[in-house]
Each structure stands twice: as C-alpha cells, then as structure tokens.
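Mind docking these for me? Both chains are given alone in their own frames, and the hints should help you get the complex.
Taken in order, these protein sequences are the chains called A and B.
The first sequence begins at 1 in the working numbering and counts up by one.
The second sequence begins at 1 in the working numbering and counts up by one.
Heads up, none of these hints are tricks.
List of simulated lysine-lysine pairs, BS3-like, C-alpha gap at most 27 Å:
1) 170/A x 102/B
2) 332/A x 299/A
3) 170/A x 32/B
4) 258/A x 42/A
The hints are simulated quantities; they were obtained by calculation from the structure and are not laboratory data.
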Amino acid sequence: MPDVQVTIDGHQVSVPANSTVLDAAKVAGIDIPELCAHDALKPIGACRMCLVEVEKQRVLHPACTFPVSEGMVVHTASDAVLGARRFVLQLLFSERNHFCMYCQTSGSCTLQDLAYEHGLTHWEFDRAFPKMPVDASRQFFVMDHNRCILCRRCIRACDELVGNRTLGLKNRGADTMVIADMDIPFGDSSCISCGTCMQMCPTGALMDRASAYMGATDEITRVPSRCSLCSVGCGVELIVRGNRVIRVEGDWDAEPNKGLICEVGRFGLLHERRQRVRKPLVKADGALADADWDDALQKAAEGLKSAESAVVVSGFSSTEAAQAAVNQLPGKKMALGGALVNGDNAPLSVLDETDLIIVADVDLTEGYNYRMASFPIKRSARHRGVRVILLDDEPNGLDAWARYKWSPDEAERAVELAQHAEMPVIVYDQHSAALAQELAAQLPKAKTIGFAPEGNTAGLAEVGISEPFANDGFSAYYVIAGEAAEVPQELMDALAKADFVAVQASYREPWEDVADVILPSPVMFEKDGSLVNTEGRSFELKAGVTTRRPSEVEVIERLGALL
Amino acid sequence: MIDVDPREIIEIIGRNGADAPLISVLEEIQTKYRYLPREAMILVSEAFGLPLSQIYSVATFYNAFSLERRGRHEACVCVGTACHVRGAKRVLSHLEEKLGIKAGETTPDWNYTLDTVHCLGACALGPIVVVDGEYSGQMHAKKVDELLARIEQADEGEA
Ligand code: SF4
Ligand code: SF4
Ligand code: SF4
Ligand code: FES
Ligand code: FES
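Just chain B, with the same shape it has in the complex (with noise of 0.2 Å):
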C-alpha cells in the first residue's frame, strides 16, 4: 500500500469545497493515488457529513473507482464476441503470461493491472488492445510484445 497522506486528502477536499459534488472530489483522489484509499473516504464521509456507507455506495456503482490500488499502466483487452473470434483469447493470455497474472490483477511492482472488457465498439479493429487510454488493433502476440517494450522504453526515457 501506498502512504496515504491524510493533509493531501484534506487538501483535495478543501479546495473542492463541501458543496462540490462528491463524484469529482473522489474522482480527484482516485487519479491521484489510482484508487480510492479507505482512509480517504473516511475523511471525505466526515468532510460532507456523509454516511460511509454512502461514500462506499457511490465508490462501488461506478467503474471508474477502484477500491484496491492499481498499477501504474492499465491494460485492458477486448474479449467481445467480435474479438473473440478473432483471436481476443490468445491475446489476453500472451499478455497474462508476459506480465504473470490473470486478468484482474495488478502486478507485485505495480506497474501493470490488466482487465478485460466486453466490446468497445470498434469491433472492426479486433483484437483490440487498450493501455492507458490508447487503442491498438488487429492485436496479436508479437504486437503485444512490442507495444509492451515500446511502453518500457518509454518508461526509462522518463526515469
């Protein structure tokens, strides 16, 4: 677990206000730390006078909150009936054994969490691949491990 710093959870909160909706306030701490830290929805339960239960309501109804800490990278792979056919199963398997876990889980470094999503809509493209936001189609394994070198290169540009 990462440290949660109660003043920077504080912080978000104050400067949102007491009224501001509840959804962006959590929203905020969910970027910031990649999930909603328990302590965090205490603090905000008692900023907005709040029942934690309803803080944990509204952290649950929406994909967008992650109760438990994710990786750095969030990988995410199409198993749809369109990608499926196409070959979504190799894919997410390659990947599961490239990164050594199964869909759902996030890897012991944190770096990566990997998910699995039902059609995106672009079923054209299948097998489709999402990392962070970013769409690559038509995916299989030597794609996969291309796009997870190129996302480490880029990674120790950084560092």
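Pulled out of the complex, with its shape left as it was, chain A reads as follows (with noise of 0.2 Å):
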C-alpha cells in the first residue's frame, strides 16, 4: 500500500498506510501525551489520554489507536483536546490514591509529569479514595493499588514482551485491580521477578523498594552500558544519583534485548549481600587483613614469581582486562568459566522468527543462565504457536511453556519433529554442546545458538585466552575473578592446594579461605570497557559511578611490572 499524507497541526507527513496518528504525530515531531500507549506494546485505547481531534468525525479520539487516512486532518492541540485532556486527568485523579507529595515516584511518574503540564492545581471531582491494598511479597519491588490508573501497560508488557502472562485484571468497574495468576500474592505466583512491568509502569504503582523516593528526574542520570553478568550482555541504562547506582533499567533501543532485562540483571548487584573487597588483603598468621596497594601487589608479585603460576580469567572482566592479562603477566591463560561453545551463533532474534525451538539440556530460567532469552521463547510459544521442545530430565523452567519434554537421550524425538520445520532453532549451552552437535548434524536448517559462560568469554577468546580452566598442577595462581560467585569446583580444589593464590575480585566470597592476597576489582556499574557477548556483538561498558580504586586494568599493569 502506498504512503499518506496527513496534516497534524498544519504539519503534512507522509506515513505508511497502517499507522496510527499517533504513529504519525510522532514522524511529525509533535509530541501527543500517553499514558496506555507505549512504543514496546500494542496500542489498547484505555487511558484517553491521547484524544485529539480529527476534521470531519463527529467525536474525538485516541490516538494511538486510531489508523490514519488519505488527507486526514489532525488537531492535537486545540481548545477541545486541551479540555478532553485535563478531564481524562481529573477522572484519573480523582479515582484512588494520587497525593504526589507522598508518593515514592514524585518526580519522576508521567502522570505527574501531566498534570503539571495540563495545570492540574485542585481536584474538579470529589475523590472515591477507597482503600486498596499494598502487595510487598515480592522481594524487590511492590505493587501499590491505590496509584494504578489500570492502564494495563504492566498486564501487556507481561504478556506481550515476557511471554510469562503473570498478569491480569479482576473484576469490574471502579473495584478493577491488577492480579497475579487467581489473584494470589505477586511473590507466590509465577512472577520471575524481571521488573519489566516496573520498568513500564507510568505511575508509582510499581515501586522499586531500592529506589523509592530517590529516582526524581532532575536528580539523577541515565547512563547507558551493558550488563555483563551473562553472555546475553543486555543493553541497560544505570539510573545514577550522587555517584551511586539506584536502580537499572533496559535501555529500549539495545540489541539483543530490546529493553527487557531479568532479575539478576536488575536487581543482582544492587542486592548482592557478599562482602565487597575495598581495600587489599593479605593473608598474616590465618586471616585476610586490610594492607596497602603498594605492599599487596609486593606479595603477589613475589608470591607468583617464586613458583610455576597461571592466570585465571573470569568472563566477568573487560576485553581490556583480559588483554592486559595476556600482555603483562606471565604463565598459561585460562577462562574461568569454561569454553566458548560454537563458532557461529545465530543472532538471539532468530527465536522470534523460528517455528520451532529445540532447548537442549540447559534451564533458561535460573542463576546466571542468560534468562533474558527465555522471554522470546516464551512469547513465541504463546504469541505465535512456535513448538518448544525441551530435553532435560530435571524439573525446567519452561516446563510451563514446552509442548514436549522428553529425555535428552531421546534426543532422535525431537529430530523427528525439527525435520519439518522451517527454521529449528536449537538452544544449549556449554554443559550440552554434544548433545546440541548432535542435534544441528541431523538438522541442515538448524540455527544453533550456544551460550558462552559468564558475561564476556568471548572476549577473553578474542584477545586468546580460549582455553578452558583445566587442573594441571600450578603451584602458584593469579585469578582475575570480577564478580564471579559460581566458581568450578575443581579450580577451587586446585587453588586449595596451591602454594600461592592472589586473586583479583569484587567479593571476598568465595575467595577468602584460600587466598593469599585479594586485590580490590570494580563490579560492572563501576567500570569502562568492551564486551563481546555470546551472538559475537562487541558492546561498550560505561562506568555509572567513579571509584578511588584503580581500574582492572591499572591493577593487572601494576602487578605485571613487578613480575
């Protein structure tokens, strides 16, 4: 269908043929509030915010749903509108519980942000202000009924986005309220806790109990980086008040993930309850105690001279770390968390295209295993009927999703069915790589997409520290561990019996029984740097916060000049 022109407050753009005027509004530059309508969902209507007037239809109306047409004519600010506007505001004010001075989203809520611009000063209708609960069963974030407005962003985002259909509305009229599954309590129900419908929600409905009352507009900063605590490394935008991280967000506009982020990449670190290592430590008579740069990188330095060493690298260090690991410091290179398992990945959004989906051994749903790629699978299962197959013989996370599950050792099931389709895609990790070859080599349309362990261990491959940590007897050790939590067994029963162990990290856990010395390591938020993720994409790391403490690099540096 060819193009149309419409005129939207005397401005003439051309649109494709299935837009909205809100679509068009946009392309036109003019900015028309909404409150239900978001760029991520599909538009419902619910909220009026948006009513504009068209010539020639008797009423107004929203425009986020309503489709253009040939020489249509668009009045987004007239006197009718204006009027429409702030009635749909005093409506919604006037409904349950909106006194901003004590609302933990002032500042930085869009209905807010309205009223103000609509010069809301006094309520025009009496208040109903019935008493609605509050549901803090969740640990990170709370839902508040007495501030939803019901648009249903929080219900579609679920549903739409997360694939995880949590979400939902219960009765009628003014007692409507948003539950969760048959309206238990958001903490028992399926809810994965991703934060998604937060991160949508445009009042202070859904609070962050992080950030609450901190976030104000004006008060902090957006900084754009990457979560590098898997190999997803989700494009995040660190929310940054007087030099501390508050909250963190998806960043819309990211590949691979589109704004959607998962539990751990929000809210992980800004709970994490391990004991952040700020200055050195050196071992003395049993026990780690608070040491001087100078004097920790000494001991490191003479400890891993005196004996055969290797370095260890996690995959939650920077490419530039794990460069200067190569470059400075002596001994075999190992990743810490295991190998790169394929070559040549398929991009993350082909889950989104494929007909079927083959999950092969690995539970997307749980620690650090790159959750965030389990929500297009999930919306594909439910959205567009994608067959998901899950091998695996223990209880999985998709359970819920999966048309089949079968044993991997039935593995030829699924082959069977793949035959058929378009486009299978197969998902693994490094834990079932065989089982995945073996899939894809009876599969010559298979996609496979194999996710790399930690969050850039295909970075450490790409500067050549590809192989994985293997025992082979080192009596001294250097590891570069970031924020690593999930340490191998074998490394940590290697470094037991090691003479000599210093270890760079965030944490003292797990390192503190067997190291000789811990040198302080920034976390993500705290850090510059690049990143290849498990698709081969190379993102930048961006410091949200400055710290006294020297880089990651600066410390490898450091060391690699005494040695």
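See the structure below:
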C-alpha cells in the first residue's frame, strides 16, 4: 500500500498506510501525551489521554489506536483536545490515591508530569478514595494498588514481551484491580521478578524498593551501558544519583534485549549480600587483613614469581582487562567459566522468527543462565504458536511453555519433529554442547544458539584466552575474578592445594579461604571497557560511578611491572 | 467444600471442545457446582492454553459466576429505591433473621445464599424477593415465612 499524507497541526507528513495517528505525530515531531500506549506494546486505547480532533469526525479519537487515512487533518492542541485531556486527568486523579507528595515516584512519574503540564491545581471531582491493598510479597518491588490507573501496561508487557502472562485484571468498574494468576500474592505467583512491568508503569503503582523516593528525574542521570553478568550482554541504563547506581533499567533501543532485562541484571548487584573488597587484603597468620596497595602488589608478585604460575581469567572481566593479562602477566592463561561453545552462533533475534525451538538440556530461568533469552522463547510459544521442545530430565522453568518434553536420551524424537520445521533453532550451553552438536548434525536447516559461559568469555577468546580452566598442577595462581560467584569446584580444589593464590575480586566470597592476597576489583557499574556477547557483538561498558580504586587494567599493569 | 472430581470437569471441557467459547464452558461448570472451583479454573486454563489470570478475569467480571460455593437456593432481596421506600429493609432483616445469615452469605448447611440487588425494573411490585429466579412481589414478613415454608415443603417432597 502506498504511503498516505496526513496533516497534523499544520505539518504535512507522509506515513505508511497502517500507521496510527500517534505514529504519524511522532514522525511529525509532535508530542501527544500517552499513558497506556507504549512503543513496545500494542495499543489498546484504554486511558484516553491521547485524544485528538480529527476533521470530519464527530467525536475526539484516541491517537494511539485511530488509523490514518489519506488527506486526514488532525489537531492535537485545540481547545476541545486540551479540555478533554484535563478532564481525563481529573478523572484519573479522583479515582484512587494520587497525593503525590507522599508517593515514592513523585518527580519521575508520567501521570504527575502530565498533571503539571495541563495545569491541574486541584481536584475538580470528589475523590472516591477507596482503600486499596499494597502487595509487598515480592523481594525487590512492591505493588501499590492505590496508585494504579489501570492502564494495563504491566499486564501487556508481562504477556506480549516477557511471555510470562502472570498478570491480569479482576472484577470490573471501580473495583477493577491488577492481579497475579488467580489473585494470589505476587510473591507466590508465577512472576519471575524480571521487573519489566515496573519499568513500564507510568505511575507509582509499581515501585522499586531500592530506589523509592530517590529517582526524581532532575536528580538522576541515565548512563547507557551493558549488563555483563551473563553472555546475553543486555543493553541497560544505569540510573545514577550522587555517584551511586540506584536502579538498573533495560535500554529500549538496545539489541539483543530491546528493553528487557532479567531479575539478575535488574536487581542482582544492587541487592548483592556478599562483602565487597574495598581495600587490598593480605593473609597474615591465617587471616586476611587490610594492606596498602604497594605491599599487597609486592606480596602478590613475590608469591607468583617464586613458583610456576597460571592466570585464570573470568568472563566478568572486560576485554581490555583480558588483553592486559595477556600482555603483562606471565604464565598460562585459562578461562574461569569454561569454553566458548560455538563459532557460528545465530543472533538471538531468530527466536522471534523460528517455528520450532529445541532447548537442549539447559534451564534458561535460573542462576546467571542467560535468562533474557527465555523471554523470546516464552512469547514465541504463547503468541506465535511456536513449538518448544525441552530435552531435560530435570524440572525446567520452561516446562509450562513446552509442547514436548523428553529426556536428552530421546533426542531422535526431537529430530523427527524438527525435520519438518522451516527453521528449527537449537539452544544450549557448554554443558550440553555435545547434545546440540548431535542434533544439529541431523538438522541441516537448524540454527544454533550456544551460550558462552559468564559475561565476556567471547571477549577473552578474542584476545587469545580460550582454553577452559583445567587443573594442571600449577603451584601458584593469579585469578582475575571480578564478580564471579559460581566457581567450578575443580578450580577451588586446585587453589586450595596451591602454594600461593592471589585474586583480583569484587567480593570476598568465595575467595577468602583460599587467597593469600585479594586485590579489589570494580563491579560492572564501575568500569569502562568493552565486552563481546554470545552472538559475537562487541558492546561498550560504561561506568555509572567513579571510584578512587584503580581500574581492572591498572591493577594488572602494576602487578605486571613487578613480575 | 464439595469434592471436585477432575474427571467431571475434563469431561465438560472435552465435550465442548478446545475452540468452544470460554464463557460457555465456565457456565456449565458454574451450573454443575453452583460456583467455579479453583481446581476447575486451573484445568480450564490448561485445556485452553490461557493464563490463569485471564480465566480469573472472566470469572470475576460477570455476576453470573461465583468463586464461592453458593447455596442450593438463591434468595435475592431488591433494595432499590422503590422497594426501599416500601419496606425492603424490613423484609431483608426478616430474611436474615430467619436464615441466620447476612446478605452476601450462605447458610452453613449450603441451603440458602442471600443477596441483595438494586432494582429489578419491576418497582410497582415492590418490595420484591426473588428465589431461584422466581419473583414474589409486595413482600412482608408473613409472606416471607410462607415462601420459605413452601420451599421447604417442596424440598421434602423431593427427598
Ligand atoms: S516481574 Fe516480569 S514476570 Fe513478574 S509480573 Fe512483572 S513482567 Fe511479569
Ligand atoms: S500497575 Fe502501573 S502499569 Fe499496571 S495498570 Fe497500574 S498503573 Fe498501569
Ligand atoms: S540476561 Fe544476562 S545480560 Fe541480560 S540482564 Fe540478565 S544477567 Fe544481565
Ligand atoms: S495512550 Fe491512547 S488511549 Fe491511552
Ligand atoms: S426498586 Fe425494587 S424493583 Fe425497582
């Protein structure tokens, strides 16, 4: 269909024929307020905030759902439109509790911004002011029904984007409420705490415990960066106030996650319980004690020089740190998290295009396991009827989304089905690489997504650190650990036996017992650099905050100079 | 709670087929059990591939569905304006006293559920009491007693 010409507030624009008036206004650079509409969601026209005047139409229409047509003339700032907007706002404000001065979201609330913009100074209507419950049963964020305007963004995000479909509505009219599953506490429900609903909420109804009352728009900065906690490498925005990251959000413009992030990326580091390493620590008489940088580095250098040493680098390190280790430190280099599994990975976007997905013996819903990747799988299963086959003997977080579940020993059943698929996709990680290979060998049309362990194992490989850790009996180790928490037992055993161990780590755990020296390492919020995700894309890591401690690279260089 | 036999519910779902309108299946379950048992909603959710929240949404949207088990007889007193000025309040409190429950409740023997409604559109007949869909107009305490006695008799006849 050819494009159509539309005139909005006197500006002529040409837009695709299937656009809405709101789409066309965006093209024309004209701002129409929206509450229930969101670029990532299908419009439903629920809130009526976006009403516009369309010439030759009897009544005002919601711009977010009203389709354009050739020659249409639209007014977005006429008296009728402004009056209607104020009326809609008055209704929204009189429905529940919107005493902004007591709200933790005051200052960064879309609803409040609109009220200021439209000059609301008082309540024109009596307030119904019902007493609504507050659900604080989830660990990281709270639902306060008193602030909810029933725009349904959260419900649609949970359904359309995350594919989790936890949320819904109960009752009708003024009694309508957002619920989880069959109206059970959110914390007991099928919610996976990804927080997408909260990031979507245009009011203070969904609030983050960590940043409540702190996030006023004019007091924060948003730093675009990456989550380096797993190899999806989601694009994030660090919400920073006073040199502190108070919240993490998904970056709507970023690939491959398009605004979504998982529980680990959103809440993990901010709620980390392990004790940070803030000063260098040196073991004396069996206990770690604070030391100054020179002494600690000296101690580390002595220990490493006197023995045959190896360097173990985690995928939580930036590519620059890995490069520095290669250039500056002697000894064999090994990757802490394991091996890269696949040379020609398909991009994650194939999960939204495929007609059949085989999840080969990996649970994408737990730990650091590339959880964001479970969202396209879930939404494909729910909305595109994509068949998901699980090959797993254990319970799997995707059980409820799978059409078939068989033991990995029955892989041939999956092959049988997948043979007839247009574009089967096989998803796996390092533990199931052999199974995936076996499947792929029999499915010539298949694309594969093999997740690299940790955040930047692909970046390590690029600078030549591709061998996974193996216990070759070294007597001294230097471990560049970063945030690493899940460490292979084999490595811990080797460290326990070694004569000398120095670790560059963000947290004392799990290194305290085995390390002779621990040097502080920044966490992902604190470092600049780059990483390569499991798709092979290179991304920039940007520090949201500054610290006085030396960077990852500096520490390696200073140590290298002493060796 | 009455025992819900999953086989009966699966039978209802099966007979309607997976493309049947959700509401008609829920209605059939409601008629059978006089409410929508949670177990039934879970089974429906699985059979239709619909999220629990959506089943619950439909179940709480329509007045025809109840999430709590209802009594064998459903009595409803109109407390709309017209019935109110003609003494609905007295009729209601008499019924409450006789049944030993408040409006919105069900007797412990599951015999009666008592509800109120705001206007049935038959104001000239007020005050109105509806039992199991049958309207009785110009009600007062004595007529309530007679009505209840009649129902009891009919029940005994059946038993
Ligand atoms: S946190 Fe995620 S899974 Fe839970 S309700 Fe919100 S969007 Fe759905
Ligand atoms: S919780 Fe927020 S996003 Fe969800 S319906 Fe209410 S106001 Fe909208
Ligand atoms: S999926 Fe991985 S990269 Fe994305 S937010 Fe979660 S932990 Fe971070
Ligand atoms: S933004 Fe269009 S109706 Fe809500
Ligand atoms: S008020 Fe009772 S029928 Fe109208």
